[in-house]
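Engineer: Each chain is listed here by its residues.
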Amino acid sequence: MKMNSNEGRQILVCCGTGCQANGSLQVFDAIQEQIQSLGAVEVKTFAKSTGCNGWCEQGPLVKILPDDITYCQVKVDDVPAIIDKTIKNNEVIERLLYRDPASKKRVKSPHLELDFYQKQKKIALRNIGEIDPASIEDYIDRDGYKALEKAFSISAEQIITEVIKSGLRGRGGGGFPAGIKWQSCAEQSNAPRYIICNGDEGDPGAFMDRSIMEGDPHTVIEGMVICALATGASNGFIYVRDEYALALKNLNQALIDARKGSFLGENIMGQGFAFDIEVVRGGGAFVCGEETALIASVEGKIGEPRDKYVFPAEKGLWGQPTVINNVETWANIPVIINEGADKFASIGTENSKGTKVFSLVGKVVNTGLVEVPMGTTLRQIIFEIGGGILKGRQFKAVQTGGPSGGCIPAELLDLPVDFDTLKEVGSMMGSGGLIVMDERTCMVEVARYYLNFLAGESCGKCVPCREGIRRMQEILTRICEGKGQISDIELLEEIAETVKIAALCGLGKTAANPVLSTLRYFRDEYLAHIEEHRCPAGVCRDLTEFYIDKEKCTGCGICIKNCPVDAIHGEKKEAHTIDVEKCITCGSCIDTCRFDAVRIR
Amino acid sequence: MAEDVSNTEDMISPIVTAYPREKRYILAMMQDVQKKYNYLPKEALKMIATHAEVPFSQIYSMATFYKAFSLIPKGRYNIRVCDGTACHIKGSAVLIDQIYNNLGIKPGETTEDKAFSLETVNCLGACAIAPVVMVNDAVHAKVTSSGILKIIEKYRGDAGDEDE
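As you go down the protein sequences, you meet chains A and B in turn. Sequence positions in the first sequence follow the numbering used here and run 55 to 655. Sequence positions in the second sequence follow the numbering used here and run 340 to 503.
Hints were generated in silico from the structure; no laboratory data involved. Here the structure is a predicted model, which is why all the values come from computation and not from measurement. Treat the hints with caution; some may be incorrect.
[Stated by the list, open to error] DSBU-like, lysine-lysine: derived pairs with alpha carbons at most 35 angstroms apart:
id : chain 1 : residue 1 : chain 2 : residue 2
1  : A       : Lys175    : A       : Lys397
2  : B       : Lys489    : A       : Lys604
3  : A       : Lys355    : B       : Lys385
4  : B       : Lys481    : A       : Lys445
Could you put together the complete structure from these sequences and hints?
Structural biologist: This is the structure we're talking about:
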C-alpha cells in the first residue's frame, strides 16, 4: 500500500439541510469513525462537513479531494467501501457515481463534466460546498477577510464608490442599488448607525439565503464589516428565521470566531475601528422580510411595516441611519472589493450586474441552487442546467418572485432574466425562487395558493391589502370549487388593480401579481374551470375525476400497490378501475404508471 | 415534549431573566419559552411583561402576530407539513388530507390523546427534496401520499411505548 497517498486528502460531506434530511450526518459520523480506525499513518485523511452544494437532488453528496471524485446518494452502508476502495486503494466506486441520463455515462467530477455546474458562475456561492462553515481558517484560506484588509487601506468614500460602480442591486427582491443605500446612510450626520442583514427568507420555494448563511457565514460578516467601515456604523444585526436551525448555529459560531480573529469587536484588525454583530431570531412572519417591518421586529415590536417616504438609510432602527441588505447582497461585497468593481460590472446585463442565485425547484430534473450571470435565459436555466421537466412532461410555467411574483409561460422561455425584464412580463426577481410547473400544475390553484398565503401573512394594517387579498382569495377558491362565474374574472382584475395602487407596503402592492399574471397568460384555464367545470391539470378536487384507459392498462398492479386509499381494483393482467368515491386524486397512480394509462376527466 | 406546567414560575423565570430588561429581547424570550414548552403558557407571558416592563396586552399582541408561537399546548409529536410552493405543487395538500383522514386533526389541532399535533409551515427551505414533512426535529423528504401513513404509524408506535 502506498503510504503517502493520503497526504492532504480530504473527504467533504455535504451537510446542508437537504442532504441532512437524507441522512448525511450519519454518513459523516460513519466516515469520521472509520477513518480514525485506519491507524496513525492514514489519519491525514480528514472528513469535513460542508454547506449546501446546491445539487440537493443527488444528496447526500460526498466529495473526495484532490482526486475530485463525487459520490451521490451515499448511505452509511456505502462508507466501508469508500474507505476500503477509494481511500486505501485509490479505486473509484462506479456505482456511487452520478449517471448522466443523457449520455448514460458515469460521471466522476460533475462540476467539470455536467451542464448543471458548467453553466453556472459562482460569486455569492463561491465557497459553499468547498469549505467547512465552522472553520474560519477554511474561509481565510480562500481569500477570506482579504477584502476587509483592503477596505482598511482605502477611504470610506472609495469603498462606497466601488460598490456603486459595481452596479450591485439588492438581491432581496427590490433591486435597489446597494451602494446608493450606503452613501445615503454615510451622509447622515447623526450616530449611532446600524447595519442589518435581512436573512428572513420568507418566499416559499426559495432557500439561497439559508444556504449562504449555513455554508459560508463569514462572507456575510465580512460584507457587513466593510459596510460598517464605509458608513461609520457601530452595531450590526443579522435577522434570521428561527426555523433555520443550522444557519443560526453556524452564524453564531462564525461570530465567535470572527471576534477571536479580531475581525469583529473593539479594535478590528488593530485599526482602532469598533463594530460588532448580534443575531436576532425572527418570529415567523412573512411581512418581516419587508425592511421596515423587519426593523420594527428587531426593536421588539410586532412586525408591521410603515410608509417609506423616509428611507431606513435616514431613519431606520430606533430612528437612526441604517443600511439593510439581503444575505446574498452581503455575500457579493467581499468579491467586489477584492477583485474590483469593473470586473463585477463586466458580468450581467446593462442594468443588472453580476450573478443571481436561484433556487431551482418544482417539476424540474435537477433541483437545487444555481448561480448564473444576470441575463441568462429561463430556457438555459431550466433546460440546460435544470435538465428539463421531470418524467418528460410538458413545461407549463415558471413562477418567479415568490408570492409577489408571477407565472411566466412557455412562449417567454427565451427571456433573459434580470430585474427589469421580469418586471416587464408581470413578474419580478424577488429573492430568487424559480418554481417550475408542468401540465399537472393548475394555474388557478397556484394563484389561489399564493393569495391564501398572503391572506395569512397580511399584517392587517392597511385596508386595501387586508380586505382586497381576502376577497380575491374567496373568488379564486370558488372558481377552484367549480362555483365561479364568468363575471368573476373582471371582478378579480378590478380588485387586483386597486390593491396594487393603494396598498401600503411591498407585500400588498405586489399581491395581485399571481392573479394578474395567471389571468394574462392562462386565461383559458380560468375559463375551463368556470364554463366547463373542468380542471385541465387534474388538481382541483371538485372538478377532477381520474379514470384508467382500458386500452393502455396492462394490469401490472403498480398503481394498486401505491394507492394510499385502496381505490384501485382489478385482477393482474386485466385492466384496472378506479373507485371515484374512494379516490382522493392524489395522483400517485399517474406518477407511477409506466403506460400513461391513468387519465384525467 | 410538552412538560408539566404546574410548577411553571420556577421553571420559566430563569429563561426570562436570562435577558436584559429591554423591549428588544421580548421576541427572544418568547422563542425560548416556546422551545421549551412547545407553546406559551399564560404565566410566561405575564412574566415577560413584568420583566420587560411593557403592558401584558402588548405581549399578547406579539404572541398572536408571530406565527412561531402557539397559545395552546402541542402534542408529543408535532407534525409540520411544509406548504411552500415547491411542496405545494408536489402534493402537500394531499398529505394534509391524509393526516386528517388518519388522525382526525386539521392544521392547528391536536389529537385528543395529545400524541400528535399538526401545523402547516410556509417554507422550510428544503425545496429541492419536496414535499417535506417534519416531525419534531426529524426531516422527512419526498413524502408520498402513502409514505405519510407509514411515518404516522412509526411515531404512533413510539407514542404507545412511552405510555406503557
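Engineer: Would you mind marking each hint as holding or not holding in the structure?
Structural biologist: Verification of the supplied hints:
Between Lys175 (chain A) and Lys397 (chain A), the direct Cα distance comes to roughly 13 angstroms. Compliance with the 35 angstroms bound is thereby established for this hinted pair. Using a Cα cut-off of 35 angstroms, the hinted pair Lys489 (chain B) and Lys604 (chain A) holds, with the two alpha carbons roughly 31 angstroms apart. For the given pair, Lys355 (chain A) sits about 17 angstroms from Lys385 (chain B) by alpha-carbon distance, which is consistent with the 35 angstroms threshold. Taking the CA atoms of Lys481 (chain B) and Lys445 (chain A), the gap is about 16 angstroms. The hint holds against a cut of 35 angstroms.
Of the numbered hints listed earlier, not one is contradicted by the structure.
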